[in-house]
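Assemble chain B onto chain A, guided by the hints.
Number of protein chains: 2
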Amino acid sequence: MDPLPVPVIRYGDLRSMVKEIFQGSGSENAEADLVAEYLVRANLCGVDSHGVIRVPDYVQMVEAGTLKPNVQPKVVSERGATARLDAGFGYGQVSGKFAMELAIRKAKEYGTGTVVVFNGNHVGRVADYPALAASEDMIGVMMVKAYGELVAPWGGRKGLLATSPISFAIPTGTHGQIVGDFATSASAEGKVRVRQARGEKVPTGWLLDSQGKPTVEPDDLYNGGSLLTFGQWKGYALNLLMEATGGALSGAGVLDAFTGLNGVFAQAVDISFFSEVGEFKSRMDTMVEKILRSPPADGVKEVLIPGDPEAREMEKRKVNGIPVEERTWARLVDVARKYGVDVPRVG
Amino acid sequence: MDPLPVPVIRYGDLRSMVKEIFQGSGSENAEADLVAEYLVRANLCGVDSHGVIRVPDYVQMVEAGTLKPNVQPKVVSERGATARLDAGFGYGQVSGKFAMELAIRKAKEYGTGTVVVFNGNHVGRVADYPALAASEDMIGVMMVKAYGELVAPWGGRKGLLATSPISFAIPTGTHGQIVGDFATSASAEGKVRVRQARGEKVPTGWLLDSQGKPTVEPDDLYNGGSLLTFGQWKGYALNLLMEATGGALSGAGVLDAFTGLNGVFAQAVDISFFSEVGEFKSRMDTMVEKILRSPPADGVKEVLIPGDPEAREMEKRKVNGIPVEERTWARLVDVARKYGVDVPRVG
Numbered sequence: 392m393d394p395l396p397v398p399v400i401r402y403g404d405l406r407s408m409v410k411e412i413f414q415g416s417g418s419e420n421a422e423a424d425l426v427a428e429y430l431v432r433a434n435l436c437g438v439d440s441h442g443v444i445r446v447p448d449y450v451q452m453v454e455a456g457t458l459k460p461n462v463q464p465k466v467v468s469e470r471g472a473t474a475r476l477d478a479g480f481g482y483g484q485v486s487g488k489f490a491m492e493l494a495i496r497k498a499k500e501y502g503t504g505t506v507v508v509f510n511g512n513h514v515g516r517v518a519d520y521p522a523l524a525a526s527e528d529m530i531g532v533m534m535v536k537a538y539g540e541l542v543a544p545w546g547g548r549k550g551l552l553a554t555s556p557i558s559f560a561i562p563t564g565t566h567g568q569i570v571g572d573f574a575t576s577a578s579a580e581g582k583v584r585v586r587q588a589r590g591e592k593v594p595t596g597w598l599l600d601s602q603g604k605p606t607v608e609p610d611d612l613y614n615g616g617s618l619l620t621f622g623q624w625k626g627y628a629l630n631l632l633m634e635a636t637g638g639a640l641s642g643a644g645v646l647d648a649f650t651g652l653n654g655v656f657a658q659a660v661d662i663s664f665f666s667e668v669g670e671f672k673s674r675m676d677t678m679v680e681k682i683l684r685s686p687p688a689d690g691v692k693e694v695l696i697p698g699d700p701e702a703r704e705m706e707k708r709k710v711n712g713i714p715v716e717e718r719t720w721a722r723l724v725d726v727a728r729k730y731g732v733d734v735p736r737v738g
Numbered sequence: 392m393d394p395l396p397v398p399v400i401r402y403g404d405l406r407s408m409v410k411e412i413f414q415g416s417g418s419e420n421a422e423a424d425l426v427a428e429y430l431v432r433a434n435l436c437g438v439d440s441h442g443v444i445r446v447p448d449y450v451q452m453v454e455a456g457t458l459k460p461n462v463q464p465k466v467v468s469e470r471g472a473t474a475r476l477d478a479g480f481g482y483g484q485v486s487g488k489f490a491m492e493l494a495i496r497k498a499k500e501y502g503t504g505t506v507v508v509f510n511g512n513h514v515g516r517v518a519d520y521p522a523l524a525a526s527e528d529m530i531g532v533m534m535v536k537a538y539g540e541l542v543a544p545w546g547g548r549k550g551l552l553a554t555s556p557i558s559f560a561i562p563t564g565t566h567g568q569i570v571g572d573f574a575t576s577a578s579a580e581g582k583v584r585v586r587q588a589r590g591e592k593v594p595t596g597w598l599l600d601s602q603g604k605p606t607v608e609p610d611d612l613y614n615g616g617s618l619l620t621f622g623q624w625k626g627y628a629l630n631l632l633m634e635a636t637g638g639a640l641s642g643a644g645v646l647d648a649f650t651g652l653n654g655v656f657a658q659a660v661d662i663s664f665f666s667e668v669g670e671f672k673s674r675m676d677t678m679v680e681k682i683l684r685s686p687p688a689d690g691v692k693e694v695l696i697p698g699d700p701e702a703r704e705m706e707k708r709k710v711n712g713i714p715v716e717e718r719t720w721a722r723l724v725d726v727a728r729k730y731g732v733d734v735p736r737v738g
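Keeping their order, the protein sequence lines are chains A and B.
Per this note's numbering, residue 392 is the first one in the first sequence, and the count goes up by one each step.
Per this note's numbering, residue 392 is the first one in the second sequence, and the count goes up by one each step.
In short, the hints are calculated from the structure, not lab data.
Predicted, not measured: the structure shown is a model, and the values here were computed from it.
Any given hint could be a false lead.
You can't tell identical chains apart in this list, so a pair holds if it fits in one copy or across any two.
Calculated lysine-lysine pairs in the DSBU-like style (CA-CA distance at most 35 Å, straight line) [claimed, not checked]:
hint	residue 1	residue 2
1	K729	K604
2	K681	K582
3	K692	K465
4	K707	K604
5	K729	K465
If we strip away everything but chain A, and leave its shape as in the complex, we get:
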């Protein structure tokens, strides 16, 4: 089933519109700019689930008082190469960036730095933060304990865990960054919703029904079923690491005993403490080149490096504009009008 034709908005136009919406809902210039940039960048990368679709939700949370504009994270404790931050229910983009930047400063001083965040809101597409470290010739890792209890422990059938994601970024010499960014569940919940809306089935391995039997029916998830972890017990183990780091260590809490929307663990490792940076990058380049030159599997056009699909989509959408599905666009236009923000022309 082909997707319906959708509005296509130019990158700059969408970014300005979203920024002005956040300004309308109370954010000062720098914050509105940052949140708009990160959300629209997710759309640029093709990760629409973490893009402007979130704008109406954020604005609603601001109105409900659960998201507080213009709140800077507070450093609750800072010792050695570590720090712990209270995000104060400000924008997750603000506290997420603050956390990774502090981890980077720690890593510049000590070679490695670890910063955690509690009382944090949604950070958006997690890959944006490790990328900050990779831009400074570091390996960056962010682990996030997410909200919601939809994911079953492996071997169980009840949704107790969240879709908690992990992301990391590694610099190379000539290939940009290698970027891993994925939920520890077999699928994002959003993808199940899309299939449900389209009347489609989901692949096996995504869902259990309320009786703990594998199912391909999206409806079953919302009738007492659960999402499975990715890679079976391996993703389950990783998911518990997110609970331990982003949840328990940060102080945000575990499972449903959890405040805020995202508990964050940010780690930066300064390459220069271990290796000549040029040498490290040249090793990474060797690896990338050998992989890119290797023969593809049956039915695959070419072998890619993690992060490549998003980087390519970004180049395309910067030129061709960003497709936004009809329903999301209608909601965005509503919010824009509410704050007297001009709505750009769509293609």
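Same frame as chain A, now just chain B:
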């Protein structure tokens, strides 16, 4: 197909025998003791692929000069919360433990510590090292760039990557440690060999044949085929993180441009820098209890915590003895006789 009856050896007997073999092949008391303890512990945990089956290989490597007994790792650089070690082709168990213990000391001082190792031999079952950190109320992580080129990049068909494992351990209050320990490939190579020996097929999702088509025939792996990464592109991304940390950052190298058998990245994070340790553990206990009390999936007896199956098997085998397959036992007995080591009675 049921496994054939196998020799069963008492834990203490097997440990003494293996220790004496390593002493026979040149290791001083402490080293022989450590390597024997770690290998036999893998058998105790039911991870036989990383147990005493390795003894004849290690001894052979000592004879060939690629594994050097009684070599302590050298600290090549040490700065802030980091260090880089040259294992000097000594036992991987010695350098792996040294690395994690140094990361723990760094974490005690700075809250977080990162240590890498190059010129390292096989560390055995990786879970042993993060467990050292968890015993000190830390979260421990070890990432290993392994040897061998059997694993295809996701979307490719040529084995370029290794089965590189990641392991982590998290302390709890009342449940022991939560332990994740897994290869980034869909299966260990050893499991494919076992199926091949038994004339069995492997599950889909493990292998590609030389044409890059999915296959269930173990033989195809050894005829130009490849192992797949676990969790598709997610395990592929994680695998490249192992190349970057255990490989490039340590200086061991990437892909086949790699010295030694295991390049190591060890990380320890001291919980007390972030949270009251009792509070952290009580959060972990809450999580564990909720998971253990949750209903199992269809056909599953009970929900377990990662690390539980190994901990249970250890209790059983400590009492009932360790089953060692006929062929492995025969090879062990040969090596024992060669060094004049007494062979214990088997059950």
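Status of each hint after checking the structure:
In this assembly of identical chains, the alpha carbons of K729 and K604 never lie at most 35 Å apart, being 46 Å within a copy and 54 Å across copies at closest. When the C-alpha separation of K681 and K582 is checked against a cutoff of 35 Å, the pair qualifies both within a copy, at 33 Å, and between copies, at 27 Å. In this assembly of identical chains, K692 and K465 lie within 35 Å of each other by CA distance neither inside one copy nor across copies; the values are 48 Å within and 46 Å between. Only between protomers do K707 and K604 lie at most 35 Å apart by alpha-carbon distance; the minimum there is 31 Å, versus 41 Å within a single protomer.
Taking the closest pair of Cα atoms, K729 and K465 come within 35 Å of each other only inside a single copy of the chain (32 Å); across copies the shortest separation is 66 Å, beyond that limit.
In summary, the numbered hints that this structure violates are 1 and 3.
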